[in-house]
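Protein chains in written order, with our numbering: chain Z, 857 to 1246; chain F, 857 to 1246.
Each hint can be trusted.
Reference listing, derived: stretches of chain F covered by chain Z, where coverage requires no fewer than 3 residues with Cβ under 8 Å from a Cβ of chain Z:
id, segment
1, 907-916
2, 1193-1207
Pair by pair, the computed Cβ-Cβ distance ranges are:
id, chain 1, residue 1, chain 2, residue 2, range
3, Z, HIS1074, F, ASP869, 29 to 39 Å
4, F, GLN930, Z, PHE1015, 38 to 48 Å
5, F, LYS1209, Z, GLY1185, 37 to 47 Å
6, Z, VAL1009, F, GLN930, 48 to 58 Å
Derived from the structure by calculation, the hints contain no laboratory data. Every residue, glycine too, gets a C-beta built ideally from N, C-alpha and C.
There are 2 protein chains.
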Amino acid sequence: MSNKDSKNYFSSDFKLGILGGGQLGKMLLYETRKFDIYTKVLEASEDVPSKIACDEFILGDLMDFDAVYNFGKQVDVLTIEIENINLDALEKLEDEGVKVYPPSKTLRTIQNKARQKLFYLDNNLPTAEFSRFAYASEIKDSVDNGGLAFPFVWKAAQFGYDGQGVKVVRNFSDLDDLPKGECIAEKMIPFKNELAVIVVRNPSGDVVTYPVVEMEFHPEANQVEYVICPARINEEVAQKATEIALQVSEKMQHIGILAVEMFQTHDDKILINEVAPRPHNSGHYSIEASYTNQFEQHIRAMLDLPLGSTASKVAGIMVNLVGAEGYSGDVVYENMEAILKLEGVTPHIYGKKQTRPFRKMGHVTIVNKDIAVARRIAQQVKETIKVISK
Amino acid sequence: MSNKDSKNYFSSDFKLGILGGGQLGKMLLYETRKFDIYTKVLEASEDVPSKIACDEFILGDLMDFDAVYNFGKQVDVLTIEIENINLDALEKLEDEGVKVYPPSKTLRTIQNKARQKLFYLDNNLPTAEFSRFAYASEIKDSVDNGGLAFPFVWKAAQFGYDGQGVKVVRNFSDLDDLPKGECIAEKMIPFKNELAVIVVRNPSGDVVTYPVVEMEFHPEANQVEYVICPARINEEVAQKATEIALQVSEKMQHIGILAVEMFQTHDDKILINEVAPRPHNSGHYSIEASYTNQFEQHIRAMLDLPLGSTASKVAGIMVNLVGAEGYSGDVVYENMEAILKLEGVTPHIYGKKQTRPFRKMGHVTIVNKDIAVARRIAQQVKETIKVISK
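Put together the whole structure using the sequences plus the hints.
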């Protein structure tokens, strides 16, 4: 089966494998149906969203060499929906002709945050200053001898996810409870905006970028409240951010979706924060707002099909649905009816049965021809719906 | 479980049942994921599109009383994706408190084309003149004694689908091969446009309508080539068509989606052709073009949730993908890459493994801010992609 013969993608011969059975995989699986692609999913637990959306579901540990290798041998193209995967297995599969997107090399660079930062440095890509430490205990010495000054951001080099593995360190006592392993200490960047650009690249080398999106933070809680497309920034900053995102993609020779998160500093510098080599939260708005959503685009890229238009039909804003503080247990979505009454509102409930504080339970997209109207309705959504327990 | 308590729709307690496992059901199932609704499907064969998109798949004959009744007892809301269902079972389920949408009464009216036509007559709803015959053999007598004149359209009263069970009769020899059973003979209506309006009604009585769409025919082959939204007709005709569609929905006290197909005559009269009480081919464009697509809308209606906006983000045109003449066997979608290069093009491949001439294998939606551009691209799509066999 050659990847040149696109007809195979629409026949039962072709098989797409997805490593990970979570919500991102599920949203990707919906889009495979448009193309009638045969899909297989590998995941350690049966109790995951993708279970009912794929053709075949295989139980196995994503960090286990044999599980990943044996699964990969059964498919033509292999993708991921989570970064923590056995990379040795991916490399062997690539050597044996399986198309792995993102390539294992991209994942090798990204899986370890210290290595990711060094990659930016080596390639003259702008990012916040940092120091790397093999052990967290070395940080104290560095502060003591003047190599590092409070405040800074501690980040675990590996296995951080959604705010875990990240901590603002303002004094010595903040260092006390840190995990011991490899980490980086990053200069704290006061920023005006957090931006993201999704770049998509296929094996033929075609590249497209989505419009720059903006993460709007809660003024006090310092939590992302809204992802807004297009970002409300000037054209020059948007071009600069897009240009840097393109450079990252090119230097990585990445294939598929690459979401590049960046800071816009107060003097309009752009610094790369981190990247995700897969469909990303910052692109969920695209399901409702874009001509080609990020999941369909990822499929087009992996299959070396022509990439679709990344333009927006309408402005889009995404609100994450997270478990409310003080509630744990069987989830209830309070005031769902009220938000469904608002114009252009689409909920995406991920199907997790149990809520707990700040757990990501779903998202809501708000689309409108007028971005200011969308922003007003998004605020109503945010203030109305509550993810609580029974 | 009461249908007043909307919270249940988003918990594992609530179950939605779908009678029929075809492509319409599959597209409906995709949308249930947004709401994390537990779904069960009843279908006689395992080899159907819905198989991999539902939580539970039950084998059973849709015309069998026990199969439908036993299935219906296991769900809270029951819907259909095909009209030929055992209605006695649906009636008993309704008597026992299961919410059946569309109601069995709607299906009773629609299943039989003679009864459907009489319904329009009884309710002063405009439709083409017709005569009903208990046996096709009676048609000849009627022509002989001047009660009926050539040409006319013969339609089987029951079990016609997609052009089957319909024939233009121009002379006595055309009558020779007709099936024997109950039928109607309908006056042939020369028309300017074939239009359709989708009406949606929920149990609380909220009603919305989608914009009028237009079916554009091939000038020679007399086959629908494009479904175009919005229809290129004047406002007055659009209002008249919408008004008549609303009347049908109200008289039927229908719940869920009702697609009303109509003729616009050369003197701008509107005549009802037929209705479908479910998501419909004429609404497929809504997946890409509308704020709320017809499948999500059907779910909102059945669950008595607020109905969503039926407005369009952009103009939408749908092209049906049917098997090319002269090809039967394992399907190949020729020139798929070429159409994916065009702007705003989304294919929907239904996953049928075998093609045969005129078999419906999928559809393609083309969206654009400018309907004239969309129409041009739609024509390129139509002229480029070919559904052939290996």
